[in-house]
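Colleague: Letter by letter, the chains look like this.
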Amino acid sequence: MKAKQEYLRHQVHHMQIIKLTTSEIDYLKSEHKSLTYNRIKNIIEGTLSFNLKFSDEKAIEDKYQVEIELNEVSDLGLPIVRETDGRILKIAQEKGLFFGDLHINNAEGELCIILPPKVKEKYPNGFELNTLIEHIQEHLYWVSYFEKYNKKPWKEYGHGELGYLELYIENKKLYASDVKKYFGCKSRPEFRRKIKELREKYKI
Amino acid sequence: MEKQFIKFSENIRLTESQETDAKTKYTGICKTLHKSYYDNKYDGKTKFLFGSYKTKTNTRPLSQDQDVDVLFRIPEETYKKFKDYKGNGPSALLQEIKDVLNETYTTTDEIKGWGKIVLIKFSENKHNIEVLPAFELENKTFIIPNSGNGGSWDGFDPRAQIETFQSSNDKTNSLTVDLTRMMKTWVKNTPSLDYKSYELLNNIMDFLDENYKKGSDYSKYHLVIKDCFECLKAICDYSTDSHLTTALDRAKKAVDFIADNKPKEASLEWRKIFGNEFPSVTENPTNESKARVFTTPSSPYANY
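Line order of the protein sequences matches chains A and B. Under the working numbering, the first residue of the first sequence carries the number 1174, and numbering increases by one thereafter. Under the working numbering, the first residue of the second sequence carries the number 195, and numbering increases by one thereafter.
Excised from the complex, chain A in its bound form (with noise of 0.2 Å):
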């Protein structure tokens, strides 16, 4: 498990800051009161709470506590987020799985929410305070789901290099350049034998 810990790596680089807009900073206060934002730390913190329904599956309510750390943003535009009660920690640990299968980064909780090249589909206009806060939400449900019924609601993308083969095979022409890059290929000769050789080892 150490080992696997030591191994974690935030592959996002944190350059840029997000700053809240007047009319953000009323959304949250209207539509998520339990959230505050920390003007000084440029943090949104506090309970999230949600009551969602995937498709035809159960509606579950739950709310966790987090932290949207806006100093921290990947050159993808998304901030850090991070689930600070230690909860899904334990829901891991609880059911004998390593945290990273609850898809968050290390030991402070840093959720892994989306799969890089995805991004720019599920954030067109880039940065955007309710779809982020939606988009966790959803990703929280999908936790409390898995806790509840000891089943995933949606498929997940696999760990590393297997997440990037699955988003290579779901569609190779839209995501063919991003996971070319993603494994470091600079001829395509290289990256089908690399594609080869994976989809060997995977088995899929």
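Hints should not be assumed to be uniformly reliable.
What the hints assert, rightly or not - As a list, the in silico DSBU-like pairs of lysine-lysine whose alpha-carbon atoms are at most 30 Å apart: (1) A/Lys1236 with B/Lys250; (2) B/Lys458 with A/Lys1268; (3) A/Lys1367 with A/Lys1321; (4) A/Lys1206 with B/Lys456; (5) B/Lys201 with B/Lys250; (6) A/Lys1231 with B/Lys414.
I should point out that these hints are in silico values taken from the structure, not numbers from a laboratory.
Go by the hints and put chain B onto chain A.
Modeller: Relative to the frame of chain A, chain B by itself:
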């Protein structure tokens, strides 16, 4: 918790076969007595059912002490014969009743508030019958034998009790019978509590007359029960105070849980009061109607 209260009400109500079993037993006994005291064919008119089997306030599961109270109308000459008896006439009448029944049944004496009655025990100890011989007066009240203290003949008016009950039950749209069964279930589930059935019934009728004159529907039964415990606590004596305090506290908690949409926790409180006949709720509902439905989520990923 409307559904749970409907189910609870069903769970504690006697089944049709249990009612039939009781009826078969008391009819058989009255038929046997009728045959000995009358020449005509038995048509049920010499039998008068009273108590909880008449008011249908008896509860399930059946316990050994849930007896059927039935009164057998004796002919005038029998009454006169024992009234003019030189010794303890009431005792002699009861003995004669026992002798008649002993040919077919196992009988024993049982002391009641109105003196001795004859108890007919059945093998499985369910629906034992308490039979009380009585002479009916023109005013529709009865004279019953009291064998205690040398013997006396007492007046007895079960019709008045039944009419009071039925009037309350009609006015409250059957809440009286429902609430009485539920409260009796609480008494049953509280072994150290001694709360006489007739006293409980009278208190419930008074409570309903003051607070729920027109009854209530199942969706508000939780409030009715809480209010009832509050009322009983206000009038109770020292011996029942602690039991009522406990029950009231639990009922208040359950009401609060219901308000918070936590029927699971509420059902646990009701089960502490009423026992396992109250249905348990295993899961709290989510507010599905208010849930935001989403269909195209992002798939979680982990980067290691």
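Colleague: State for each hint whether it applies.
Modeller: Taking the hints in turn, this is what the structure says about them:
Proposed proximity of lysine 1236 of chain A and lysine 250 of chain B is contradicted: the alpha carbons are some 49 Å apart, above 30 Å. Distance hint between lysine 458 of chain B and lysine 1268 of chain A is fulfilled; the C-alpha atoms sit about 24 Å from each other, no more than 30 Å. As the CA atoms of lysine 1367 of chain A and lysine 1321 of chain A are separated by approximately 38 Å, the hinted pair breaks the 30 Å bound. Distance hint between lysine 1206 of chain A and lysine 456 of chain B is fulfilled; the C-alpha atoms sit about 23 Å from each other, no more than 30 Å.
With a C-alpha separation of about 17 Å, the suggested pairing of lysine 201 of chain B with lysine 250 of chain B holds against the 30 Å cut-off. Taking the CA atoms of lysine 1231 of chain A and lysine 414 of chain B, the gap is about 28 Å. The hint holds against a cut of 30 Å.
Violated hints, in rising order: 1 and 3; the structure is consistent with all others.
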